[in-house]
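Going line by line, the protein sequences match chains A and F. All the letters of the first sequence, read from the start, carry residue numbers 1 to 126 under my numbering. All the letters of the second sequence, read from the start, carry residue numbers 1001 to 1489 under my numbering.
Treat the hints loosely; a few may be bogus.
Below, a sample of chain F positions facing chain A; criterion: calculated Cβ distance under 10 Å [what the hints assert, rightly or not]:
| id | residue |
| --- | --- |
| 1 | E1023 |
| 2 | V1089 |
| 3 | A1092 |
| 4 | L1093 |
| 5 | M1098 |
| 6 | G1110 |
| 7 | P1114 |
| 8 | I1123 |
| 9 | K1175 |
| 10 | G1176 |
| 11 | R1393 |
| 12 | F1399 |
| 13 | P1400 |
| 14 | D1477 |
| 15 | I1479 |
| 16 | L1482 |
One side only, chain F facing chain A, incomplete, derived with CB under 10 Å [said to hold, decoys possible]:
| id | residue |
| --- | --- |
| 17 | A1080 |
| 18 | L1087 |
| 19 | N1090 |
| 20 | R1094 |
| 21 | G1097 |
| 22 | R1101 |
| 23 | D1112 |
| 24 | G1115 |
| 25 | R1118 |
| 26 | I1120 |
| 27 | E1170 |
| 28 | N1177 |
| 29 | N1180 |
| 30 | R1264 |
| 31 | P1398 |
It should be emphasised that the hints constitute simulated quantities derived from the structure, not laboratory data. Note that this is a predicted model, so its numbers are computed, not measured. We put the beta carbon where it would ideally sit given N, CA and C, even for glycine.
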Amino acid sequence: MGATAEELSIRELDFAAEVHAGDPTELRLVGSADSVIADSLGILFGKLHQALDASKARAIVIDMRSLEFMNASAFNALVTWLGLVNEMPPERRYQFRFRSNPDIMWQRRSLRTLSCFATDLITVET
Amino acid sequence: MGLPEELVVQFRGVALERLERIESAWAQMLIALSEESSSILHREIHTLKGESRVLGFTDINLVCHKLEDLVEVARARGYAVDEDFDLTVNMALRFMGMLVRKRVGSQLGGIDLPGFVRQIDQILTEARPELAGRTRTGNMLPLTRTVISTRVPSALRERLAPIAVDTFVEYASAKGNKRNRLRASWHSLRELIGLQRALVGAGQLTKHKSGALSLARELGKQLEVVFEPGTAEVTTEVLAAIDVAVLHLVRNAVDHGIELPAAREAAGKPVRGKVRIRGGMRDEGFVLTVSDDGRGIQFDRVRSRAVELGMVTRGNAETLEHDRLIDLMCQSGFSTRTEANEVSGRGVGLDAVRAGIVELGGTLLAKSVDNEGTTWTITIPVPMLTVHGHVVRASGVPFPLVIDGSWRAVTGGPAPQQVIDIASALGVGTGSSGSPFKFARGNQEFALLCERPPTPGQVRRLVASPPTALGEIVAIDSIEALLLRPDRI
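Let the hints inform the model, and build the full structure from the sequences given.
As structure tokens, this is what we get:
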């Protein structure tokens, strides 16, 4: 990946996004993502998408197990990212593997709904 | 036969623009109620639904229909929806955006339309048990949150407000399952005692105009109704009181005030009587007048009826001024009719009007001139629904803080003696770090340890609390925050 893990991280008062290089690359989201960080999150996802595309990645793991909440603005950034991948030629698309916390209601519901956008690209692990 | 490509391209462009407008209007409605945004929201969804059906985009049409259901539920709740609901509406918009963009004639691929619709249906089932069985009216439902019968009286609400603040602070600082549990408690409290916004305006009150015309026809009277109720953001309680007041005052005006055509003609008046309803926000609150050009209050009849009902003695009745007689008219059980009919006579009406208004700290006044008519004036104080403040973030405090706008953010000068470490003060962390930022009001000043300088902003009040409380819960966009009263820390 071109960008460093540090460049692809967000650390706010009650939210953190950390990228861990590897195969597959892992993105850990921790805390509570609200409108305040939605823009930064959108930028992070855009950069990460470019990096994954450039490295011909086959998958990204998004670990949400410690993500307490994500509001609509922040979640929209995730949907936009998924849209970018969905519009790529099939051979360049990569998979989204979500690690979720089954005890968190909004995660169960939102990830189930999100997977309806692209059942062929999304898997949700609990 | 497929649609011409040109038509499809045009539809796509228009649909995406509509989706943008819907998203923008939805976001606006969550911040501050506005009849204009509500109208845009409903109109754009409905139009997109119609266009997609006509052009055969059945998938978009279906999601549009579900989105319309979601927005209908939100409207019935005064757009006071939780984050999960907001998320679902946003995802529905994004889903439609994806359907609009997909290539012409292409298969749905990995898109699970039935699954998505099932998810929305589940949200709808959970969100609207109270609306079950109600069908869409298609046009204007009341722009107000459903008044929940379990809401508590205002006096008890004041006592519960500081408890709500504590519950919010505990919830917002908790983690894991504890957070989920406390979130449910906080949301229940917010539902019970929170400020429920409503828009008072023609959309809500217009039914009384048609009701008045219908009643006039029944009574053989000719009537013109001038309807200018104004538009204002109020609470559901204020709206309910106004609704009851307009109902009874307009019916009274038509039944008791406006004369039959022959009597009006004999009195030298136009045969068509006039009832005027006017309203609007003033400094003292929402003011609404209901006036008629009828015969005026027949104070002699009020006197004699009050004596018959045993409300006053005959001797006292003769000395009563008009104001006192109007007061008697507003007491339970008073009616100048000796027998109740379908319209009036049960002595229920003005007392209901006054009780609703007085409970909210308002007043009901009347001015009547013989043979010229009567004007009732209602004034109801409306709680401030938005306030200005300084938004700050303090380390260790997992939610934004707002300092009331009556305090000035001050730069420079000597550091004040009182520096508040809000994380410690609230007991939510081991202490705040950062720089002290100074605030002043009159000769008072204090500093708060903050991560970054305060930014001015407008916040929406969620749960009003008395001035003696530590603060109250507000919303910045859709984010809940604690508005602090520094002098209470």
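Quick rundown of the hints versus the structure:
About 9 Å separates the beta-carbon of E1023/F from the nearest beta-carbon of chain A, less than 10 Å, and the hint is met. The criterion of a C-beta within 10 Å of any C-beta in chain A is met by V1089/F, whose closest approach is roughly 8 Å, and the hint holds. For A1092/F, the interface hint holds, the least distance from its beta-carbon to any beta-carbon of chain A being 9 Å, beneath 10 Å. Proximity of L1093/F to chain A holds as hinted, the smallest CB-CB distance being about 9 Å (cut-off 10 Å).
The closest approach between the C-beta of M1098/F and any C-beta of chain A is roughly 6 Å, which is under the 10 Å cut-off, so the hint is satisfied. The beta carbon of G1110/F comes within 3 Å of a beta carbon in chain A, closer than 10 Å, and the hint placing it at the interface holds. The beta carbon of P1114/F comes within 9 Å of a beta carbon in chain A, closer than 10 Å, and the hint placing it at the interface holds. Among the interface hints, the one on I1123/F holds; its C-beta lies about 8 Å from the nearest C-beta in chain A, closer than the 10 Å criterion.
Below 10 Å, beta-carbon pairs count as interface contacts, and K1175/F has one with chain A at about 7 Å; its hint therefore holds. For the restraint placing G1176/F at the interface with chain A, the shortest Cβ-Cβ distance is roughly 8 Å, inside the 10 Å limit, so the hint holds. This hint holds: R1393/F has a C-beta 6 Å from the nearest C-beta of chain A, less than the 10 Å allowed. Because the closest C-beta pair between F1399/F and chain A is about 8 Å apart, less than 10 Å, the hint holds.
About 8 Å separates the beta-carbon of P1400/F from the nearest beta-carbon of chain A, less than 10 Å, and the hint is met. Interface hint at D1477/F: satisfied, since its Cβ lies 5 Å from the closest Cβ of chain A, which is below the 10 Å cut-off. At about 5 Å, the closest approach between the beta carbon of I1479/F and any beta carbon in chain A falls short of 10 Å, and the interface hint on this residue holds. Against a cut-off of 10 Å between C-beta atoms, the interface hint on L1482/F is violated, since the closest Cβ of chain A lies about 14 Å away.
Annotation: interface hint on A1080/F violated; nearest CB of chain A at approximately 15 Å, more than 10 Å. For the restraint placing L1087/F at the interface with chain A, the shortest Cβ-Cβ distance is roughly 5 Å, inside the 10 Å limit, so the hint holds. With 10 Å as the threshold, the beta carbon of N1090/F comes within range of chain A, its nearest partner Cβ sitting at about 4 Å, so the hint holds. Because the closest C-beta pair between R1094/F and chain A is about 5 Å apart, less than 10 Å, the hint holds.
The interface hint given for G1097/F holds, since its Cβ lies 8 Å from the closest Cβ of chain A, which is under the 10 Å cut-off. This hint holds: R1101/F has a C-beta 8 Å from the nearest C-beta of chain A, less than the 10 Å allowed. A distance limit of 10 Å between C-beta atoms decides the matter here; for D1112/F the minimum to chain A is near 4 Å, and the interface restraint holds. Here the hint on G1115/F is kept, as its CB sits about 4 Å from the closest CB of chain A, short of 10 Å.
Among the interface hints, the one on R1118/F holds; its C-beta lies about 9 Å from the nearest C-beta in chain A, closer than the 10 Å criterion. With 10 Å as the threshold, the beta carbon of I1120/F comes within range of chain A, its nearest partner Cβ sitting at about 8 Å, so the hint holds. Among the interface hints, the one on E1170/F is violated; its C-beta lies about 14 Å from the nearest C-beta in chain A, farther than the 10 Å criterion. Here the hint on N1177/F is kept, as its CB sits about 6 Å from the closest CB of chain A, short of 10 Å.
With a least beta-carbon distance of about 7 Å to chain A, the hint placing N1180/F at the interface is held under the 10 Å criterion. With its C-beta approaching chain A no nearer than about 58 Å, R1264/F sits outside the 10 Å limit, and its interface hint is violated. Hint status for P1398/F: holds, given a least beta-carbon distance of 4 Å to chain A, under 10 Å.
In the structure shown, a violation is registered for the earlier hints numbered 16, 17, 27 and 30, in ascending order.
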